[in-house]
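K.L.:
Spelled out, the chains give:
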Amino acid sequence: MRYEIVIIILGMAAVTFMTRFGSQLLFRQVGMPTWFDRWLKHVPTGILTALIVPSLLLPKGYLDLTIHNHYLLAGLLAAVVAYKFRNVALTMGVGLAVVVALRLIS
Amino acid sequence: MSIEQPNPAWQLSADHWQGAYDSIPVMMGVIPFGITYGVVGLAVGLTPSETLLMSLLVFAGAAQFVSATMIGMGTVDFSLIVFTTLLINLRHLLMGASLTPYVTRLPLARQALLAFGMVDETYAITMSRIQKHGYSEHYQLGTNSAFYLIWILSTLTGIVLGAYIPDPLNWGLDFAMPATFLAMLMPRLVNKTSITVCLVAAVIAALSALYLPGKWYIIIACLSASLAGGLLEGRDSRAV
Numbered sequence: 001m002r003y004e005i006v007i008i009i010l011g012m013a014a015v016t017f018m019t020r021f022g023s024q025l026l027f028r029q030v031g032m033p034t035w036f037d038r039w040l041k042h043v044p045t046g047i048l049t050a051l052i053v054p055s056l057l058l059p060k061g062y063l064d065l066t067i068h069n070h071y072l073l074a075g076l077l078a079a080v081v082a083y084k085f086r087n088v089a090l091t092m093g094v095g096l097a098v099v100v101a102l103r104l105i106s
Numbered sequence: 001m002s003i004e005q006p007n008p009a010w011q012l013s014a015d016h017w018q019g020a021y022d023s024i025p026v027m028m029g030v031i032p033f034g035i036t037y038g039v040v041g042l043a044v045g046l047t048p049s050e051t052l053l054m055s056l057l058v059f060a061g062a063a064q065f066v067s068a069t070m071i072g073m074g075t076v077d078f079s080l081i082v083f084t085t086l087l088i089n090l091r092h093l094l095m096g097a098s099l100t101p102y103v104t105r106l107p108l109a110r111q112a113l114l115a116f117g118m119v120d121e122t123y124a125i126t127m128s129r130i131q132k133h134g135y136s137e138h139y140q141l142g143t144n145s146a147f148y149l150i151w152i153l154s155t156l157t158g159i160v161l162g163a164y165i166p167d168p169l170n171w172g173l174d175f176a177m178p179a180t181f182l183a184m185l186m187p188r189l190v191n192k193t194s195i196t197v198c199l200v201a202a203v204i205a206a207l208s209a210l211y212l213p214g215k216w217y218i219i220i221a222c223l224s225a226s227l228a229g230g231l232l233e234g235r236d237s238r239a240v
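Residue numbers (this note's numbering), protein chains in the order written: chain A, 1 to 106; chain B, 1 to 240.
The hints are simulated quantities; they were obtained by calculation from the structure and are not laboratory data. Just so you know, even glycine gets a beta-carbon here, dropped at the ideal spot from N, CA and C.
Here are the computed distance ranges between Cβ atoms for each label pair: (1) Gly61/A x Leu80/B: 20 to 28 Å; (2) Ile67/A x Thr69/B: 31 to 39 Å; (3) Arg235/B x Met1/A: 52 to 60 Å; (4) Ala97/A x Phe78/B: 44 to 52 Å; (5) Thr104/B x His68/A: 46 to 54 Å; (6) Ile165/B x Asn87/A: 26 to 34 Å.
Straight-line Cα separation of at most 27 Å, DSS-like style, residue types lysine-lysine; simulated pairs: (7) Lys132/B x Lys41/A; (8) Lys41/A x Lys192/B; (9) Lys215/B x Lys60/A; (10) Lys132/B x Lys84/A.
So that you can see chain A by itself, here it is in the shape it has in the complex:
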């Protein structure tokens, strides 16, 4: 292992841990104001949406709203399955099956 690469990796590890622990450490010291709590309640919904939507609408980095976008088609179907059955494994199974099937037939 090269010294300068190991130092870079240690630096990356330090800042990554800081982002994961920093805000918790801060609130551990000063406590969390209630208005902040009301805001943070919506963070999971926001994060999940922000992770899902671009991977469905722009899987290749540009906006693709055509039927050639397999991820969008499979995502729409998976959303319906998720809404109806509330089952993670089923949603993923159906979604993956559609993506693979579309890839095979196109």
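Once you have looked at the hints, place chain B on chain A.
P.N.:
Chain B only, in chain A's frame:
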């Protein structure tokens, strides 16, 4: 229970296994990324041990890809790579903050260990469990350990077998991530406020993913959508 028993700390419990078990669907989507990272690491000129060390210590997919690529392009610049890593992972500040109410009562070292294992996937799985059955540190440690283990193992697979595996990101398994997150998102959309939060996040995420570099779209979309949610709720609670 009237008296809080001191936790028989970290003994393997049913919650640990449940956390690991619930991680399986999303983990399938992580495997091709871990393998690809292992392949990329060697391809850009990192040694096998450097490639593995990064997975062991950093444990952040996107940041590892980007920094490996930067090193491959000849950018062996400490501050540039570390700062880029910081930017890519800034979104974790928000996730960490939203977990705070559940973890502050834990001993500091245990809270720090749980924070080390908090990645997008384990965060989503932990929040989903909180919504259904309440918070469990054992459950969170279970999902964290499962993802850490699979990240290390798939990195190793990429390092060892990389040259023989056809591009793993072409398997279609990368769809496992959005699909499972959809299943976690849907039960959250229970009222007008949460649907508004989702719509705002969707529009802003798509637009900023188009026009902004890196992972900024996650931070910007989540910040504005959750702020909108907080404001809507503040207005509603004043009205009653």
